[in-house]
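S.K.: Going line by line, the protein sequences match chains A and B. Counting in the numbering used here, the first sequence runs from 1 upward without gaps. Counting in the numbering used here, the second sequence runs from 1 upward without gaps.
It is worth saying that the hints were derived from the structure and are not from the lab. One thing to keep in mind: the hints can contain errors.
Stated by the list, open to error - Below, simulated DSSO-like cross-link-like pairs (lysine-lysine); rule was C-alpha separation at most 30 angstroms, straight line:
no., chain 1, residue 1, chain 2, residue 2
1, A, Lys147, B, Lys233
2, B, Lys66, B, Lys184
3, A, Lys147, B, Lys251
4, B, Lys67, B, Lys233
5, A, Lys147, B, Lys144
6, B, Lys15, B, Lys144
7, B, Lys233, B, Lys15
8, B, Lys144, B, Lys251
9, B, Lys67, B, Lys55
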Amino acid sequence: MAIITISRGSMSGGEAFAECLAATLGYPSLSREVLVEAAAKLGVPEEVLRGKIEHSARFWERMTSDRRIYLVALQSALADACLSGDLVYHGHAGHLLLGDLPNVLRVRLIAPLAMRIRAAMERQELSYEAAREYIRHVDEERIRWTKFVYGVDWRDPRNYDLVINLRNITIETACTIVSGALTLPAYETTDEVKKKLRDFALGCRVKVALAANAGSRAMKFTVRADDGRVEVFGEVAASGVLVQPARPGEEEIRLIAKTVEGVKEVAVNLRKFAKFADT
Amino acid sequence: MAVITISRGSFSGGKMLAECLARKLGYRCVDRDVIVERAAASGVSQHELMDALLKPPSFLDRFQHKKYVYLTLIQAALAEEVRSDRVVYHGNAGHLLLKAGPHLLRVRIIAPLEFRLAMAQDRLKLSRHEAHAYIEKVDQERKKWTHYLYGVDWGDPALYDLVVNLEHVTIQDACDPVAILARKRCFQLTAGCQSALEDLALASRVKASLAMNGPTSDLEVEVAANQGSVSVKGRLFAVDQFAEVQNVVLKVPGVANLNLDQLSPPNRA
Numbered sequence: 001m002a003i004i005t006i007s008r009g010s011m012s013g014g015e016a017f018a019e020c021l022a023a024t025l026g027y028p029s030l031s032r033e034v035l036v037e038a039a040a041k042l043g044v045p046e047e048v049l050r051g052k053i054e055h056s057a058r059f060w061e062r063m064t065s066d067r068r069i070y071l072v073a074l075q076s077a078l079a080d081a082c083l084s085g086d087l088v089y090h091g092h093a094g095h096l097l098l099g100d101l102p103n104v105l106r107v108r109l110i111a112p113l114a115m116r117i118r119a120a121m122e123r124q125e126l127s128y129e130a131a132r133e134y135i136r137h138v139d140e141e142r143i144r145w146t147k148f149v150y151g152v153d154w155r156d157p158r159n160y161d162l163v164i165n166l167r168n169i170t171i172e173t174a175c176t177i178v179s180g181a182l183t184l185p186a187y188e189t190t191d192e193v194k195k196k197l198r199d200f201a202l203g204c205r206v207k208v209a210l211a212a213n214a215g216s217r218a219m220k221f222t223v224r225a226d227d228g229r230v231e232v233f234g235e236v237a238a239s240g241v242l243v244q245p246a247r248p249g250e251e252e253i254r255l256i257a258k259t260v261e262g263v264k265e266v267a268v269n270l271r272k273f274a275k276f277a278d279t
Numbered sequence: 001m002a003v004i005t006i007s008r009g010s011f012s013g014g015k016m017l018a019e020c021l022a023r024k025l026g027y028r029c030v031d032r033d034v035i036v037e038r039a040a041a042s043g044v045s046q047h048e049l050m051d052a053l054l055k056p057p058s059f060l061d062r063f064q065h066k067k068y069v070y071l072t073l074i075q076a077a078l079a080e081e082v083r084s085d086r087v088v089y090h091g092n093a094g095h096l097l098l099k100a101g102p103h104l105l106r107v108r109i110i111a112p113l114e115f116r117l118a119m120a121q122d123r124l125k126l127s128r129h130e131a132h133a134y135i136e137k138v139d140q141e142r143k144k145w146t147h148y149l150y151g152v153d154w155g156d157p158a159l160y161d162l163v164v165n166l167e168h169v170t171i172q173d174a175c176d177p178v179a180i181l182a183r184k185r186c187f188q189l190t191a192g193c194q195s196a197l198e199d200l201a202l203a204s205r206v207k208a209s210l211a212m213n214g215p216t217s218d219l220e221v222e223v224a225a226n227q228g229s230v231s232v233k234g235r236l237f238a239v240d241q242f243a244e245v246q247n248v249v250l251k252v253p254g255v256a257n258l259n260l261d262q263l264s265p266p267n268r269a
């Protein structure tokens, strides 16, 4: 029982790997496309959601609040999908969207460039040069994007629990290793884990409500939930925004958070900042 | 017969993982000291061999060639050690010395700094600050060593088949997926695996013989072997070395054919 996030470069066999895991373990499998659809249902405008993920950092810099809504919605949709405790997610940044959540096995697949070029040539009917250029471009965008949004190096193996090199390992074998790892006690979905998943999902929903509200969307929030009791920490908008919008007061924020289903109590603190970085 | 190599920073639990794997799979554990001892049988001091394995060459190193010779000896010792047995090698640079291939499972473990600090403090009786400095220094040396000698980045995950992060799991837990992989791989004594190891052992033996034989000892060559057929690639310093190379290589047990087409004549001064 666990949540598996799969990170990989394009044309590295991620989809086949996810399918194999889902079939072996009987887990639902979720792609980024499906996640984006789910995020759209959370009341985030579609034009904000569509296609933004491949854009470069420079583009994002001009879109701070749109970006926040997008990420918060994506995170919330993913958190909802995790509630049962079983999931195979093969989209970008799953391991980063889920933060410190327990029971997450963060897997990264790497494949030799020659192998990826071959796959791109076959699937997209590209010439060798075009395939190589395509892969280089997509990798570069993703590296830049992850660096900008999460401040980490997408390739750094320290961000994953397992890095599997497909040079000498087949997808089927990789699938066996990962499903084998899940039998470890570290990945047992205990009641405590389930509570943490619920708390995380609720906190994410509160963040979506705050990000979707015109009054509070320019602010950055960190939310902690504990069985329906919610604590909201607020931060002002990113520097560089020339016209600072009027900040909503604690009471306004409390009311917005209260509308979220499952929230029983709300504490708002706009002075204290949570120590950890969050989106 | 197959080999698992374990790469890691100092105090990251590499030995513990090796022992766990050896127990689970019925493999033999081999550490750096065993290999250095075996390499020292050629007459070179263990101390110098150890230096070659640990210290990065400096820019002003006048003994670059010495390093080549020592590493050649170490490689030959390692290839011989793993040739006919199932082995977990948890010494340095195993994944580089043994070359990639289906016969080899290259594992890297990454341990969180806290884990390493605690272990270094405990083992070396250091303060936290000293342990930190120690780990940093050794990591730097390893990075440089790998970069100078093999031109690769030690931390690059592409150099390994599997990278396991100990942030959320214990070493005992990490042992399982590696053992599953080892059982799954070409590791069932297939003929292909065995011959890959035999070829490597023979090629390393030839390289070491050339390095230890007076008239050819100044050469730096690449040697490939394929079921007794050996080819030597490199550049000679003197024309008469050609015959010497031929002479030395053909005496190495196991060499059936010799191809010297890629052995270039000396550069004209």
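S.K.: The structure should be examined with respect to each hint, and the outcome stated for every one.
M.R.: Here is what the structure says about each hint:
1. Restraint check for lysine 147/A and lysine 233/B: the C-alpha separation of about 44 angstroms exceeds 30 angstroms, so the hint is violated.
2. The hinted pair formed by lysine 66/B and lysine 184/B fails the criterion: a straight-line CA distance of about 40 angstroms is larger than 30 angstroms.
3. Straight-line distance between C-alpha atoms of lysine 147/A and lysine 251/B comes to about 57 angstroms, which puts the hinted pair past the 30 angstroms bound.
4. Distance restraint check for lysine 67/B and lysine 233/B: the Cα-Cα separation of roughly 19 angstroms lies within the 30 angstroms cut-off, and the hinted pair is therefore satisfied.
5. Note on lysine 147/A and lysine 144/B: the hinted pairing holds, with a Cα-Cα distance of about 26 angstroms set against a maximum of 30 angstroms.
6. Of the pairs offered as hints, the one joining lysine 15/B and lysine 144/B holds, with about 23 angstroms between alpha carbons and a cut-off of 30 angstroms not exceeded.
7. Restraint check: the Cα-Cα separation between lysine 233/B and lysine 15/B comes to about 36 angstroms, which exceeds 30 angstroms; the hinted pair is violated.
8. Distance restraint check for lysine 144/B and lysine 251/B: the Cα-Cα separation of roughly 37 angstroms exceeds the 30 angstroms cut-off, and the hinted pair is therefore not satisfied.
9. With a C-alpha separation of about 10 angstroms, the suggested pairing of lysine 67/B with lysine 55/B holds against the 30 angstroms cut-off.
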